[in-house]
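Protein chains in written order, with the working numbering: chain S, 1421 to 1919; chain X, 249 to 742; chain P, 48 to 679; chain D, 52 to 153.
Honestly, the hints are just simulated from the structure, not real lab data.
The beta-carbon is built from N, C-alpha and C at its ideal position, and this holds for glycine as well.
Worth double-checking, as some hints may not be accurate.
What the hints assert, rightly or not - With a cut-off of at most 30 Å between alpha-carbon atoms, the simulated DSSO-like pairs for lysine-lysine come out as follows:
(1) Lys344(X) x Lys395(X)
(2) Lys603(X) x Lys152(D)
(3) Lys1801(S) x Lys70(P)
(4) Lys1878(S) x Lys70(P)
(5) Lys159(P) x Lys603(X)
(6) Lys152(D) x Lys677(X)
(7) Lys1878(S) x Lys597(P)
(8) Lys140(D) x Lys395(X)
(9) Lys140(D) x Lys655(P)
Said to hold, decoys possible - To list a few chain P residues with every Cβ distance to chain X over 10 Å, as calculated:
(10) Glu50
(11) Leu516
(12) Phe522
(13) Val558
(14) Ala582
(15) Lys597
(16) Thr665
(17) Met675
Here's the letter readout for the chains.
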Amino acid sequence: MDWVLFALIAIPVGAVLVFMLIPSRYPQLVRNVAVVSGFAMFVLSVLVFVKYEFGGGSGLRFDLQLDWLENVAFLGENGITYHLAVDGISAPMVLLTGIVIFAGVFISWNIDYRNKDYFVLLFLLVSGVFGVFLSLDLFFLFFFYEVAVLPMYLLIAVWGASSHFGTFTRTKEYAAMKLVLYLVGGSVLIFIGIIATFMEAGQGTFDLPVLGAVTYDENFQKAVFPLFALGFGILAGLWPFHTWSPDGHVAAPTAVSMLHAGVLMKLGAFGILRVAITLFPEGAEFWAPVLMTLGVTGALYGAVSAMAQRDLKYMVGYSSVSHMGFVLMGLATLTTIGVNGAVLQMFAHGVMTALMFAMVGAVYDQAHVRDMTLFGGLAQKTPRLAAFFAIAGLSSLGLPGLAGFVAEFHIFVGTFRAGYEWAGVLGILAAAITATYILRMLAMAFFGPFNERWAGLKEMRLGEQFGGALLIVFIVFMGVWPAPFIDRISESVEFILRV
Amino acid sequence: MELNLDWSLLTPEYILAGGAGMVVLLDLFWGRLRKDQLAYVAAAVALASALTALIWVNDDTNFANLIDIDNYTALFRVFFGLIGVFACLASARFVKDRLLHAGEYYGLILLSVLGANLMAAASELLTAYISLELLSFSLYVLTSYAKFDLRSNEGGLKYMLLGAFSSAIFLYGIGMIYGVSGSTRFSEIAASLSGDTAGFDMAMFLGLVLIIAGLGFKVAAVPFHMWTPDAYEGAPLPITALISALGKAAGFALFLKLFGQAFIPLVDDWRVFIAVLSAMTMALGNLVAIQQRNIKRLLAYSSIGQVGFLMMGIAALTPENADAASALVLHLVGYVISNLAVFVAIIIYYNWTGKEEISDFAGAAERAPYLALALSIGFFSLSGMPLFAGFATKFILFQAAAEQGLLWLSSIAVFFSFVSLYYYLIVIKEMYLGKPAEPTRFPTPWLEYGALTLLVAGVFLIGLYPQPVFDIVEEGAVAMMAVAEAAGTVTAPP
Amino acid sequence: MEEAWLIPALPAAAFVILLLFGKYLPRHGDWLAIGAIATSFVLFFFVLADLLDDMVGTEFDKALGQSGIEWVSFGDFELRLGFQVDQLAIVMLAVVTFITLMVLVYSTGYMKGDPRYGWYFAAISLFAAAMLTLVLADNFLLLYAAWEGVGFGSYLLIGFWHEKRSATEAAKKAFITTRIGDVGLLIGIILLWREAGTFDMSEIFEFAESGGYSSEYLTMAVLFLFAGAVGKSAQFPLHVWLPDAMEGPTPVSALIHAATMVVAGVYLVARLMPLFAAADPIALNVVTAIGLTTVMMSATMGLVATDIKRVIAYSTINSLGLMMVALGSLSVSAAMLYLFAHSFFKALLFLSAGSVIHATERQEVSELGGLARRMPVTAAVFAVGALSMAGIVPLAGFWAKDEILNVAGDSQNFVVYGFLMLSVFITALYMTRVVILTFLGEPRDREAHQHAHDAEPVMTLPLLLLAGLTVMAGFVVFDGVGEALGFPGGIGEFVFLEGPEAFHFPWDVAVLSTLSAVAGLAGGFYFWSGAAEPARRAGELFRPAYEILKRKFFMDDIYQWAIDRVVLAAGGVIAWFDRNVVNDTGVDGSARLGVFAGFGMKFLETGKLPNYALAIVTGVIVLAIVFMVVRV
Amino acid sequence: MIPIENFLVLSGILFSIGIYGVLARRNAVLIIMSVELMLQAVSINFIAFAVYLHPEQFTGLIFAIFVITIAAAEVGLALGIILRIFRNKGTANVDEVDMLKW
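Isolated chain S, as found in the complex (with noise of 0.2 Å):
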């Protein structure tokens, strides 16, 4: 059953091979194979989750290792090697990619401008994020670290939208260059680290089961875990570290702002729970308290900055930040409970931001503006945009029986059994000021009296209909019955935490 995993990152690679061949005169057909690769991904992605049981040990199922560099200059025996595995943390993540590309093909059905090259680059992106959940090699998840951000740059500089405020304007090319430079600059943190990591272990080579046997010693670990988490903060909106999301995301095209807010910015919290906190214990009990600080202001921050936006795709990008604000303080707890609601908000969090930004991208394509304050009463002319959009909000307020409660309500009960009170309490009061931005926003843009000039407005087309429906499937299924995800994540965050 190990060919899986190598068939989850083979299929994107095959795809753009497939496209490079199409020529450019037939965009029906490259919107079908992307389709068609998209939906293979999909089915994948759900076979790896079902199929996954824990089971004792490590947890790594689905276990590929093909030797790729070894044996050469300081590389030992199996020094790099492409070593494919999932565990309880990278299943969810593996579903959540497979739906977010799933419903993202369907979403960017429309883009007729160089379509190719779009799928293109979009199926690398994917390649890329598929590889760094499921790589066990640091040195191929750094890899395909880069990979997930190399494509970035076209895919927004090209396809994008800049966004006009009154006194300024945020240029597409602005958002596209200070994202791929944000994030490489965070990937130079990384890069330091593994080195010194590499160094320090002194076993020749990357893998990470091997390396995290090895007990490193304690101000080692201490000078090396911000390093990492630092550098995978960045990439998972750590506060400071933040302002390129929402930029980024806002200029994007549909699916990629959907792609990269739903799925990217999990890889940072992946990372850093995957390679920080698992071999440098000490070190992340060490800087727990900066890490909880920075989340809780994140998230207090994100939310109070989204209730000030007039535009509806800054106010998702900014729900972005404040969402991820709640990962890292579950990440930061350090307990069962609290690093089990991080991996589930990154999920929740995943699915909801793609429906939202999937619904704004839906708007944005036929009104061609995103100021909220503009719209009025669109529930009356597009019913059901107006309903996915709704249920994408309320996940993200948390309303129980949706994805958002469960998660968040894990980090609440995990940042409060860690002993940070105060964390909780504001992590509580940062939730209740989502729903205010979220209901101002409904109240503002869908509901209330119908503003004439939205008379052309039609219902959103099929494809995003299937695509939000999809992701509302799985925003309803994890609300009410969170089971079968938590069962996957506690065992592995129990072998990560060593409790």
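Given chain S's structure and the hints, the job is docking chains X, P and D onto it.
The following block gives chains X, P and D in isolation, referenced to the frame of chain S:
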């Protein structure tokens, strides 16, 4: 004490020398031969020399104690031969349209490849110096080859004057080392330097400094890099490619051999200096490149930046193992291939438009999608992005440097390789987002695109599966460093 | 007992079916919703019967039928969808199922012809399901989940006509205000969980009784929980949303803002009484204080409200305040009895007001008048409800209010008792005002008056039923009646935990309260009968007081100011800070720094050859010197 | 025998004069001459070392010969390039040849 005078060992060099002469004569006497066909002849000669070099793989002899014929030499002979091939192919159309006396042009290229080969093979100071001068002289002339273009003359003049000046300094350094160690052969120098050198400290270090300065000039390390931007901008485009590929590669081949074999006993003294030089080179190269508007000057500074990374390999040399050397050579191969890919693409674009400013690349993606893709791949590889050669080679180079306790240098290197991404992205932005002058597609030059595809394939090969390339490189590096260990045991002077 | 979980499950299933296939069902599936609630109501009786059989003689141990399924569990942390039925739950079940049934039947008439008719029934079923789950939940997590579900249900229903700007704003306001209260609830739950290690209520109660929590810790937790109740039951600081919630359709107001949602807070405090008892008395004093302020404020505001539904809304807040005072005096039985009685006559008031609005399309009292002649049944029924609210003898309101007065008299100090008596007087005053202005006197809007007529039978039937209950429900107080209905030892014993003497009938309190109620009636007639001349004069006389009451103590304006100036402004400042400081100076700044460094170094390349040679020489010299210094 | 130090000092002086010449002179031809001067200083060095320190080998002497020949080749080449500049720009003054900068 008989010398191994088996002349057959030098066949690749004979092919090159003979070829050069033939090309010149062909141009003079065979009127009907069109200029670009000369390029294919020269390329064939270079290819022949590269292939014949393969005969002596896994061989370990020397020719009259002047030249080592081992894996290291074989590796670099093939490498320089291929660079020569690509240089000739790339300049075929350029020379036909813009330059005269094509014969001498290709002759000089072959001679420079010959010089480079000998530089890598030299096992003693005099041969090294002579081959260095051969390479430098041919490059001086080639740089000022566009007789009526003021910029080419100025570039050539500066390169030549400063080159002569720094080779004089290099020579003075060699003199000092010869004085101290009594011999010019690397192995013997290493033996005498590892002995007690209490008496000659001053002279030895002066010699070492001067040699570092001389070689520093050749590879464009920071304080000695001033000529590079002007020479690159002045020289005709294929020659800029040649300087950045052949000049740098040969410079590092000699730098590595000299410091890996001759001065390895003093490694603890000069390690820090090379490291500081490398850090400064990275910093200046990458930071000033951001300011550039001309593509050739941008590539000049980017190659200075890359030199900074390469020098890390030398700073990380250690008698115990050949890790640093193999990492350095691997990155050198990766750098040269990516650099050539970029230059070939720019040459093709120059042949169409005749312009060098970055803003002239606006809309290149619409007018020549494949070219834009190849250029972006080259740039991403240079900046160390995954999927491409730069990522794997830089990763291993930085790790090798860190192994020798130069973690601070690796961190600076990683930071500046991230800075380099910025100015490459500027060009890519221009290509993909700019508005082209007129939307017509460019005609596809099949030959150059063939060369380009080969180079891009090379970039992908090293990027995605470097094991085979790395094994070859490691053999060369181990062969070179092995001589150093053997030298540890003092042998009778010749 | 085991099939108790079916009660909430049926309306939930109805919601799902209506949501997905509502459009395709005949009559948009309203019959499905009514059927579901009716079966739940019937099931309630089965559960009641089971509970009675399990009761061992007269000894009232809490026969908890614990049933539920695992939701999530790992390590020491497990969440259950657990249901339990005990006397407290039975009362709430009775109230919720019955009132929802009445409202649904009524709504088939009231909402006929509305474009989103199907969605209305779906939303009400969702609301009912959430409320029933809340009532039956045996652990705090499920309670919290249902609590939020109820809030969401009310959001949907208040904002049902989301074309109207005011309805959307009201819904948003309601959800956010209750949400602020829920923050406290969640914090309280987690605080309780942290020490006890479980969410299960009974285990937490045992843990508290066995002294597990330190008293300050428990007080803090309990007060946080009370904050949730304050939000949901519209108590003093967070009451602003209830008057605006009248924007929703009237049956919704009847259901949510009379019988079910608003009393959830009271139910929660009642459920937590063991914790309140274990915590130090300050908690109970806070409850009483909040309750009392709510009573006095709402009563006075009721005097000046002109919209008929808002008057009834203020009377609801008034009753909720009363119940909180009862709970503050540690008497669950008084509070639950009042809750039981109040739900009937308040639903009656709202529904009859609904039929008035349905008939005349007007809500402003100033535009109505003299409707008694046109709508005799509605007028009579409304009068019964009003009198019961005022607390006139034979009606349910009197018995329940008396119980609270009596309990307050025993355990509270004199001041509280005095205020309660004053509130009885004012309540009677404004109830009579609304009755007179609506039904008696001269019709002020001729045209509306003309085609006013009694509603069709499907609306009037529930009214009559509720009126009957309002009259009879009071007698449940006496043990005899309880036994007649099959409860061993009367309802008091059965339902209300304390010993058999739960109910007694003190004559002095009854006389005093009836006197003040009658005085209120008389005052009402005096002020507002005929042209309501004296009322206007009184209005001029106490101009400032009238103005304050009219502006609802400026509470809305203060909150609005707080939101605009403080919260949105803070958002603006942070957004500006984020855009300019963190981003432009922090990120772009450092980028510009790097670029500028390059700019500086660029000018090293002067283009002049001697400078280059100089660079080489200086390089050599510096290297040589450093070499010498370091080496020697 | 004249001590070796004298030779070394002589070549040192010559070398520094050459460097000064390169830095100070503005005319390209004179710069080439000062570079030649530096090369001669080097050959003096080689010969001194060969004679004094390692009399039994000829390496030093061979080196000196090669240095002289290469110096000659270098001058020829340099003058060729300087001639081109002189013909195109009319001047051989190094300061005026500064079109390529920044």
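| Which of the numbered hints are not met once you compare them with the structure shown? | Structure breaks hints 5, 7, 16, 17.
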